[in-house]
Every structure is written in structure tokens, then in C-alpha cells.
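Protein chains: 2
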Amino acid sequence: MPEADLTDRKLRERAVAAAQGKCPFDLLIKNARILDMVTGRERQADIGIVGALIASVHSVDRTTEAVQYFDAKGAFALPGLIDTHMHIESSMITPQEYAAAVVPTGVTTVVWDPHEFANVCGVAGVDYAIATARDLPLRILTLAPTCVPSAPGFEQCGGDFDPDTIAGLLSRPEVHGAAELMTMQPLLEGDARVSGIVDAARKSGKRICGHARGLADGALAAYAAAGVETDHELTSAADLIARLEAGMTVELRVSHRYLLPEFAAALLDLGHLPQTVTLCTDDVFPDELLNQGGMPELVRLLISHGLPAAWVYQAATFNAASKIERKDLGLIAPGRRADFMLLNTLSQVCPEYVFSDGCLIAENGALTEVLKTPQIPNALCQTMQLTPLQSTDFEIKATGQEAQIATLSQPRFPVWGARNCLVKENIVVLPPDLVRMAVINRYGAGTPARVAVLENWGFWRGAFASSVSHDSHNLTVFGCDPQEMAVAANAVCDLDGGLVVVENGGVVASLSLPIAGLVSVNNLETVAKNFANIRKAMDELVDWSPPLLVFKALFGASLVCNAGPRLSDVGLVDPFNGTILKSCVVDVP
Amino acid sequence: MPEADLTDRKLRERAVAAAQGKCPFDLLIKNARILDMVTGRERQADIGIVGALIASVHSVDRTTEAVQYFDAKGAFALPGLIDTHMHIESSMITPQEYAAAVVPTGVTTVVWDPHEFANVCGVAGVDYAIATARDLPLRILTLAPTCVPSAPGFEQCGGDFDPDTIAGLLSRPEVHGAAELMTMQPLLEGDARVSGIVDAARKSGKRICGHARGLADGALAAYAAAGVETDHELTSAADLIARLEAGMTVELRVSHRYLLPEFAAALLDLGHLPQTVTLCTDDVFPDELLNQGGMPELVRLLISHGLPAAWVYQAATFNAASKIERKDLGLIAPGRRADFMLLNTLSQVCPEYVFSDGCLIAENGALTEVLKTPQIPNALCQTMQLTPLQSTDFEIKATGQEAQIATLSQPRFPVWGARNCLVKENIVVLPPDLVRMAVINRYGAGTPARVAVLENWGFWRGAFASSVSHDSHNLTVFGCDPQEMAVAANAVCDLDGGLVVVENGGVVASLSLPIAGLVSVNNLETVAKNFANIRKAMDELVDWSPPLLVFKALFGASLVCNAGPRLSDVGLVDPFNGTILKSCVVDVP
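Same order as they appear, the protein sequences are chains A and B.
Here the first sequence is numbered in our numbering, starting from 2 and rising by one per residue.
Here the second sequence is numbered in our numbering, starting from 2 and rising by one per residue.
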């Protein structure tokens, strides 16, 4: 639903009168326990609400009148949580389903980078995000994706956002700012397109969000000097401190939970919570969203790692509101928007009640209103534009008896490796510890499947294919057997996009994602169940080895904008070095 | 000088290159000691600057090239101080002189409410503020005065800012926000004019600054619910906590230094510095500005009262920048504006060097460039529009033998008092412990002098007259002898405005303030010396008794917008109760 206008004069005049007891509040929350996000202290208070506005937070001893009363029964009152960086698409459900999932957990605001929809569908993906955000009980601040594609020249996707596109998107009032600038390397090298994109973002006067994966020292300074304000790609406590010192706003994320203990320790060591620390989810899989939630899980984990609850909630509310430049949000205080939750336990974010714009919007884990069935625009449908694949598409061609193969060694943080392999009948024979990865353009380029060889990815039995593959979301297939890989790939196309697991030559698990090849039309429960089945099936195929070799790594293996060699639809690429190899066969030894 | 444009693409591209060592910095500050305003920690660092931008803050071990080098010799580097609420007029010098005084003390940004000029000269006063701010090495963010006059209907001044005036001012890009809303009482009562002014401010989307003197509980909530964001009128630690809990930004001010120990204790008790705490000067007299400075004195005092230096500087820099919504300011970090100072001792703000927009602007206590002599517009000259006064103007007329007089009892926080006095020849005879105060309209109203009787203001010998008298700045005269009061009043008119002390029938000290009757054309040293002479002469006339009966109380005695009865040019007024008495003679007992 559209936000209530807090500049309305009558509303404010009523709030001024009600705060003084000259007229009744519309709603009075009695007997709340405020955990004050400014002082860090707790106090008993009643919250008087007029329209969408908090008019008064006052002592429970004061008698005030209201049209409607609501007994908080001593529950904690906390501002609605703000997720400062996320992609709804990663949860593989529609924004409607997403709102239905997170609002009851106390999340009332998310900053959505519809980067995945934009990579698949171009500006139509952003239009969809903006349009769908209008009618939800969740406040969605939509960003303009800045990296479509994420590594221009090193991958192809379904959109092409040049500086003019970005300027156009940022001129729209519904667009909150520029989304994570993943094109770090071209920016640092003075690439004209990326420099122009950042220039358009600076001139818009809106926020410029970042993705500073692996940047340090001069590179990090250069990135911040360009005007990029935030980062969520921290991989160590040293990263965290470096970004705080660089004046950046950090977005601690739930998606990399193994890092949270060291982040918590580093903040405890500082002795205070900097105002530049906020929380985000980034990417949350459907089963995780259903079972643990995103923001609630992050809050729970950070508290369990020793951070004071007041710090954690402050990061998720007041700090976030300040940094996203929404001074109406983030506090339970007069003059602010009435967005808050009532919950009994700080260490577990399971609010009994969630209010937004002064209205009860969720109760005991469910929205108070059923949302309309979403309309999906045609531009987001039937996005798998490629012809059926055959096992030969996944073979690696070579001549002679033996070939040197350039490998991608290690999941998540790939480095170049090399292996010598036998060649039989002009086909490379891979030893059983090597896994094949293939990426096939799904935007009608008609280019052949590119095949890479992965080292240290464990032993695989079967194949996995996905139309979700950050960030270009080309069809990506993993496996050892080319035949099984072809079966998996074609099954994904038959679904109009999705995830498929093949074992012993046949499909054993699948999830249909017909909206842009990223998102299901089904509800979260169904998607989560199917996704959990995929995960379980994959557990049978691969011996995962955390924190690097994990299921999640499959979806980021083609994330070309990050450091290190990667496979994209144009070949084996290393944008940081300018490398493009169409084949992994580098030499006959 | 106009601010450098940080959205300039070439500038940013050079900064990105320089941060990586691909081209030289314009300026490299070597061997600085950063007190980090985010982490609170100290570290050695070099600061690389390109144009007006900080491009890099990096380890002193890293070798980087620059066109120009500057050795900080281990001095602390701190962001330029930001004064979040002040009136230049209170220092009785021109903005040029003010800049020359404060910039060398490390103040690079002030948020100026030209409320005094506006009260005397109307919109022309604001125009002057905006125009004069353009050419200074001090960043002046000009606010739109919202209370001209401060108590409509209870005083008359030289301007009349209705909602349309405010909307017009706020539509100007040079106007940063709406200045302190002193019209608390009419706002709380729903007065149409004040409600319209706040409505215009809210609709502008700009900041709304406050003045919540004495507000608590429902009244404070109502004030915040109207959208007012800040307050500097704290009179106790309880006030401080109440405002923090109300989500307001507090501006701790140097002008009420006796309150600082309890503010410091309250913050220490919180255990952290809320991001909503900033520092300001509000009103600083010329001799104090010269001798102690405003912001530097406040920083020194707060540290001396036990606050960690990192907290105090954070309040004055990063917190302030966040709350005035200037994300280019307040940090020494890449991508921020190069506004900073180098100083050797944190507990005394005596910077050796001050930089702004990447240029050295002050060195060892003085600006590096001589400022142009200011042009004073005609609208600000010859503002004493009244005819010569006679001793009879200061007499209190009554009939009969005895009269009951309504008195203003107690300086600073006046309350109604009453005294019975003898009447001789239709003139009230005051006992020697009572002091006369008179206010005479100086904007051509032609109304008679209004006379009040002050209790608990000590024993006076002689008279004092001033055209500086908050906030309407009508001619205000204090004394016991009507003849001496007339001499003082006429001397102020002869000066075209100013301050005059009369003793034994003759002028013993005077300060000419011909610019709007508020500001001198002389330099700070001269003004401070003359002002100190006034102060000294007044010390001879009055036995001051701090904290209430102090010299400063003379200038605020007519501040009608604050609670309690006051004397204005229309009579004895109490706007909170709606009282207007044209004479202090209330009854024949």
C-alpha cells in the first residue's frame, strides 16, 4: 500500500493536539517496554498513535484517551527492522510472497536491488519491481541496478544498463538510489562506461551502494573516493574495520553467517557500535527464509555471538534509517512513522504483532490481510531463449594425446589451476576428482556452451542445472557426465527456468522458476519444500565441505565481477586481468 | 568562496587514480595522527588529497606521490568542527569578521540562523546572510528564521514572516532548513500562523530546527510530533535524556556552560555517545569569542568534565554532519570533502593548520587570506526609527497614594511578582531594590516606552541601554533613575544602535552597532575590547549573582517566546497565558 503522507497538515495538527491530551489518539498501545534505540535503555511506556504517525511515547502513569486501545502486556516495542541490502529474487518467490514471509517477522522496510530481474529482463525487470512494490504491506525501496551486466565484455545477460539508463532510472522518484556497484575493477581502471554510471549516480544526489569484495588499501580508498558509500562483501574482521575507517556504511549480512562471530568480536573490541553499522540479508534461499527468516536470524546470531541486544537492534533500525536517509523510520518516538513490532524476547525475533503506518499488519506470524495474486508482466516470462543441448555440448575438445587444462581451483574464491589430462578421440578425459561446469547463454546469443573444469569441488555423482546463476543468470550446469548434464540442462529449459538435479541419468528433484527463470509462481512453503528437496538431492551427489564448498557456491560460481577467474557464457574470464579464454584447453604439454 | 563541486567527474576520476598510486595526489598530508570519528581509535596515516576531495587515508608506510607535500609532524588530524546552531549577530561582528575568528580555531561549517537580522530587517536580513555567506572561507548553511517575530501579537519587530514567506525562503537552494521554532506555545495551541509555518517547513523536505525551552512530557511530544527535529534549550540532564528519548537531535551549547557538567555526567552514565548529540554555540559575546572561542571552548569544557575526547569530537563532526544531512562532511575518509584541522593537543582546540576544500585556509590562529571589506546593504543601516526619549518616558504613572505593581521577579526565568509602592504626584516611587526596565519600539510604531519593574535583579547604580534585545531587538533600557535611562537610550540612538552604560548621569562606556543595531563595522579585537569595557562598567553598576543574575540576562530579558512574563514593546506580556498589560500598575490596593 502507498505510504501515508506525513507532511499532511491535518494529521500533524491532530498529533500535536493528541500528544497534549486535547483529543484522543487513534490508537494507544498500552504497557509497552521500549528498548530505546538512542539511549540503549529500557522503559515502560504507552505509545499514542494518530494516523500513520507516532504522536507520543509517554509514561504508563499518564492517563490518555484513544479511539482504540491495544494492550502490549509488557512486550518489548521495537522499531520495524530495516534490511539495507537484499535481492528478493534470491528467495525465488514473488515480492508478494516475500512480504508475507518477512513482515510477520518484524521487517517493515527493505532496500531491494532488483539486480537479478534486471539482468534477465532489463529495465522491464526494474519496472516490475517498482510496480509490485506499490501494493505491499512491506516498504520496498527500490534501487537502480548499476551492473547489468556485472562484468561488461566478460559476460552477456538480458539487459544493458549504460550511464543514460542509470540516469533515467535514478530520475524516477520511486528509485531510492544506485544499487551495489559490483563493477569494482573497471571503476578502478577508469573504464568509461562504469565511470559514467557512477557519475550519473553522483549527479542524481541519491545514495550509491557498494560491493567492495576483496578491496583493500588503495583499491578500497579509490572505491570510496568514487563516492560509493556502503559495503556488505566483508570477508573478515579486518575488512570490517577497514571499511569503517574508510567511512563506509557496512551492511552485515546473514548470508555469510560463518563470518558473524569475528564481526561480533571486532565490534565488541571497539567498545561501541558505530552508527555506520547496519544489517542486511543480501541473498536468502527459500527454505532458510521459511525456517529461520533472514533479518530475524541475523539478529539472533549476532546476539548469540555476544553483541548487546540494544546494539543489534540499533544497527537494524535507527542506524539503518539514518544511513538510508529515512528520518521518519527507525525510532519509536513522536513525529516518526508508526512502524514497530511487539515481541516478548529480544534474543528471538518472533514478534506477536507488527504495525506499519499505524496499522496492525501482522499478528502471530501471519499478515492480517491476504495479498492479491500478483500479475506477472510478459517481459518476465519465457526467458529461456536457447535450443536443446546435447551431451557433446559439455565435452571438451582437444587434439593429440594429452592436453593441459586451465582449471578453476577452489569454490567461492577461485584461482587458476592447471592439470594435464589424457585426450581420446579429440575429447579430453577428466580424472574423477574434476568436475565440469558449463555456462550457456540464455538470451538468444546462440553461442556454444562454455565448459570449465573445477578443482577441489569434491567428488560428484550426477548433475545440477540452474537458470539462477549470479549475476547474468545464464543456464549453468555442473556435473561429471556430459550426458547427465544435458538431461539436467534441458529439464531446466522445459520448466521455463528453474533448478534440476539429475542422478543416474534421470531427474530426481526440480524446482520450476518460470518468472524470469528466477522466481516461482508458488507460495513460499511450496518453493521452500521443493528447494529443500533440491538441497537434499544435492547432498547425495556432493560431499560438501564448508565454508567454501557449499551448495550455495553453485549459484555464485559464475559471479564474474568478483576477483579471480570465472566461467561465463563467453568463456573462462578474469576481468581483473582482462583474460578471456574460449576453451579451457591452454596447451599441449 | 563557493564550495567545490564534488560531483565533478574529472575530479572523481583523478581521485580514483591517485588513491591507487596511478597519478600523484595534489596534496599529501604526511605523518598525521587520525582520531577516527567512526571507530574512536587513533592511527598514524597519510592523507592524500585531490582537489577538494580526500582521495585516500593510508598507512604512513606506503609510498605515494604528490604534487605538494605537507608534514603534519605527528599532529592529530580531525574533521573541521561543525557548529549546528548559531547566530553570528550575537558576536556583534560581520560574517567576515566571524569567519576570520572561528575558522582558525578549526570551525569550518556553521548552521546560521540569521534570526536577529531578520527580526530587524525582514527578508532583507536573510538576503544579506545568504549573499555574504557566498564569499567566505567558512561554510555557512543559512536557515530560514521561522519566528519573526518570536511571539506574534505580543511584540513587534522589523519583519513579519508568515507561512508564505517561509515557503518562499525554503524554496531557495541556499536555504538549508527552517530555523529554531521558538513559537512553541502557539504551535502547541494550534495557532494557524505557526501551524502554517511548520507545514511549509515540512513540505519543503528540509530540516526543521527547534527551541524546546521548558517543554516536557506531552508538550515535548507534541513539539516533536509536529516534525521539529532538534533542541538546544536544555536546562538539565533530565531535559537532555527526555529529548534523546523523544528522538530529537540535541545541540549542546557553550552559551550555557554551567549546565555542561551535568550533561557530561548524564552521557557518561549512558555509557555511549548517541549519534543524536551535536555541539553548538548559539550566542557568543565578542569578548568571549576572542578570548575562548565558541566551539573550541565547548570542546575543552566537555573534555574537562570527563567526556572522552573521541566522543566530544564525534559530536562536533561526524554526528553533526549526519544530522545536518551533509554526508560529504565530518570524516577524514576517502570520498569526503577535505575539511580538517591539524592540532597537537586534543584537550585544547588550537589547530596549527586548518584545511577546507583541500586548501590551507588558516595557519597558527589566522586566516591565510585577507577577506574583502564587507558591503553592507542600505536595508541594514539606520534602523533606529524612534524619537528622542525623556526621563518622563521611564516614569510609571499612577493615581492615589499607593499602587500595586506587577513585577517581573527573577532574571532568566521570570515569574510574576507584586509590590505595593507609594505614589507621589501621580508617579510611582520605587524602593531602591527594584530596577526599571523599559522597551521602546524602534521600527517606527511610535508607541510609548513600556516600563516594567524587576525584582531580585540586585541593586543598580546607573543605567544600561541596548538595541540588542532578543528577539525583537527593540530599544531596551535598564536602570533606577529615569533621567539616566533617557541619557542611555538617546546615546544608543545617536550611535545608530549599540550598547551604552551611563553612570552618574554621563556615558561611561559604549559600543556602536550600526549594522541593524546589532553588529559593528569594526574588527573583532576592537568590538571585543569595547564590549569588555561595557561588561566592566556594568560590573561596577550591578552586583551580579550567577547563574541567574548575570550580564547576559540583560539581552534575553525581553525574550517573549520563552515561558513566563516578559516586557516587550507592547507591554507586560505572558503569551503562554495570553496576558498583555500596558502598564505594570495593576491595582490601587
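Take these hints with a grain of salt, some might be off.
Chain copies aren't distinguished; within one or between two, either way the pair holds.
Stated by the list, open to error - Computed list of lysine-lysine pairs in DSS-like fashion (alpha-carbon distance at most 30 Å, straight line):
| hint | residue 1 | residue 2 |
| --- | --- | --- |
| 1 | K11 | K204 |
| 2 | K207 | K530 |
| 3 | K207 | K23 |
| 4 | K204 | K328 |
| 5 | K530 | K74 |
| 6 | K328 | K530 |
| 7 | K553 | K31 |
| 8 | K23 | K553 |
Derived by calculation from the structure, the hints in this document are not laboratory data.
Each hint, compared with the structure:
no.: 1; hint: K11 with K204; result: between (35 Å within a copy, 13 Å between copies)
no.: 2; hint: K207 with K530; result: neither (39 Å within a copy, 48 Å between copies)
no.: 3; hint: K207 with K23; result: between (40 Å within a copy, 28 Å between copies)
no.: 4; hint: K204 with K328; result: both (22 Å within a copy, 14 Å between copies)
no.: 5; hint: K530 with K74; result: neither (36 Å within a copy, 64 Å between copies)
no.: 6; hint: K328 with K530; result: neither (39 Å within a copy, 45 Å between copies)
no.: 7; hint: K553 with K31; result: neither (45 Å within a copy, 45 Å between copies)
no.: 8; hint: K23 with K553; result: neither (57 Å within a copy, 37 Å between copies)
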